[in-house]
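*Asks:* The task is simple: from the sequences and hints, build the whole structure.
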Amino acid sequence: MIVKYYFPIALCLCILGAYGCRRNEAPPDLKLTHEVSPQPPRVGYVTVNLGLTDSSGNPISRAGLSLEGYMSHSGMPPVSGRVAEVRPGSYIGNMELSMAGDWVVIVHIHLPGQVSVDRQFEIKGVLPE
Amino acid sequence: MFQSNRNSSSFDLLRVPIVGALLTYRHARTLLQIPLFLIAIAMVLHGLFGPQLAPKNLATTYTWVHFRGALVFVLLLAGNFFCLACPFMLVRNLARKFFRPVRNWPRWLRNKWFSIALFVTMLFVYEWLDLWASPWWTAWLIVAYFGGALLIDAVFKHATFCKFVCPIGQFNFVASTASPLEVAVRDMEVCDHCTTKDCIRGVRDEVQPLVVIQRGCELALFQPRKVGNVDCTFCLDCVQACPHDNVGIISRVPAGELTTDPMRSGLGIFSRRPDLAALVIVFTFGALLNAFGMVSPVYALENWLAKLFGLNREFPILAFVFGLFLVLEPLLLIGVAAWLTKVWGGTGRSIVFVAVRYSYVLAPLGFGIWLAHYGFHFLTGLYTLIPVTQSALAESGWAILGQPRWGTPGLPPNVVQVIEFGFVFLGLLGSLLVSYSIAAAEKVDHPLRIFMVWAAVALIMTAGALWLMSQPMEMRAVSLGVG
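Chains as they are written, first to last, in this note's numbering: chain A, 1 to 129; chain B, 1 to 483.
A few of these clues could be false.
[What the hints assert, rightly or not] Listed next, with one range per pair, are the computed distances between beta-carbon atoms:
(1) B/97 x A/35: 55 to 65 Å
(2) A/90 x B/324: 17 to 27 Å
(3) A/58 x B/466: 40 to 50 Å
(4) B/328 x A/64: 47 to 57 Å
[Said to hold, decoys possible] Output of the computed footprint for chain A on chain B, the stretches with three or more beta carbons under 8 Å from beta carbons of chain A:
(5) 57-65
(6) 128-135
(7) 183-194
(8) 368-381
(9) 466-475
In short, the hints are calculated from the structure, not lab data.
All C-beta atoms in this analysis are idealised placements derived from N, C-alpha and C, irrespective of residue type, glycine included.
*Replies:* Following this line, the structure appears as structure tokens:
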């Protein structure tokens, strides 16, 4: 009886507890802007212009940025893209969108001497080729 | 006397060493339900509190990639084993320790109409709320299933939720008509001499006859008169209850149950069940509609409709599309086919009777299309099970499986597309064979003409499915006016 009914409940409580106890680190305060071209976006290569500033609006240089794109549906192949800094606080990246639809792009930001943070934005309504 | 249709050489899964012993173990169902229940809890928690990016969330990835795919493959290769391991029933059984239901499900609801409405609602909500892209909504959907099962079966006796409400169950019932295994009597002669009928009545305490020690079939399927898999949840209560060890999980010809029209325990006669026929129709045309929602032309159609009606809200446009594909299209196709069967095939039956009788022909094709669709997501996203699990554990502070590596998600889509087409053709073959069998058994002058009519319906639908599956995929929340 105990094994049959209360064991699952106890396990659920453990899972809930684990969620309550997970680590929660404060991310650095920064602002990321993005601009995707061409508009409207189509399947194939897109260019992503990124602007990275701190909370006071000062450009952040020499950050390591990379792009990771996901379809809105699970199980689809993710795409990745490299990013280069073109001037202080301005970065440019390319990625190849493999399918039409809505994409979510995660920008991995590594600031020298600080923890890495992720920011994300959507590219909605990518059209077929 | 009950008629025996079993061959003594039939394969019986319960006779297989280890597997048979496991399945006939008294607590086998609970043992199978517990892991699924725990996974469901993890999915709900991750869906509500985890990352809201669908590909990185357990709720969306497990539900829309792995669960659906595994479900159809198990139905194809074995039978309705998901219902056996259904986690919703674990909670319901627990609740029944505290609440003893006393009411019977209302007589006017003892059919499939209500569950068809829920099934259509489920398909509609999937498109409207973009469930595949929303961990939060997917989590609430799972909670709704648990809540629904709990509420319905806490109030109403027997397996009311499974038989008359659960949309997943109805899907499984129709799909399992094409399964190779069936819970069935081993030796009909044993049933001929059975006086207790425990498989339906259950086993009662000898001292206190009102106390049930082992349930009989809660879905009102009396084993000796049970035909096929419809309404069977593979719960194996009948296996446990039978004092003669005379119920097995036995091999049969897939879809063979659709070719005959006998009186079936708990169901009646298929040709007199328009609700069951409607379920098959919704199942089949819903398969096309659900696949249509994932390809580029659907957005062009919705935008065209939006401009035509001057609308900028998705709900009414989606409702129109559903009406078009789930009501108008079946009415036209099946209506014309039934009329041709009458006037060209020479049957003396009414058009409604013909439409009901021959709608079951579509079940294998419908299953083939669902298989193709869900199988595509399952096979192309198969490996995502690993990183999404790693990721969820790492977020919870238990990185016991290491850090996730989001690489190749599964098999290449171009390879899977060939398999997809294969499933559709397999379904078509099943539908052709069923329609031929039904037509050949008709006492009419032109059975071949009747076969040709229904074969044409199946071919038209197959052409539609193949066209859909060759379209570029496009998955997005609709934003009218774009594109």
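*Asks:* Quick check: which numbered hints come out false for this structure?
*Replies:* The structure conflicts with hints 2, 3 and 7, although it agrees with all the remaining ones.
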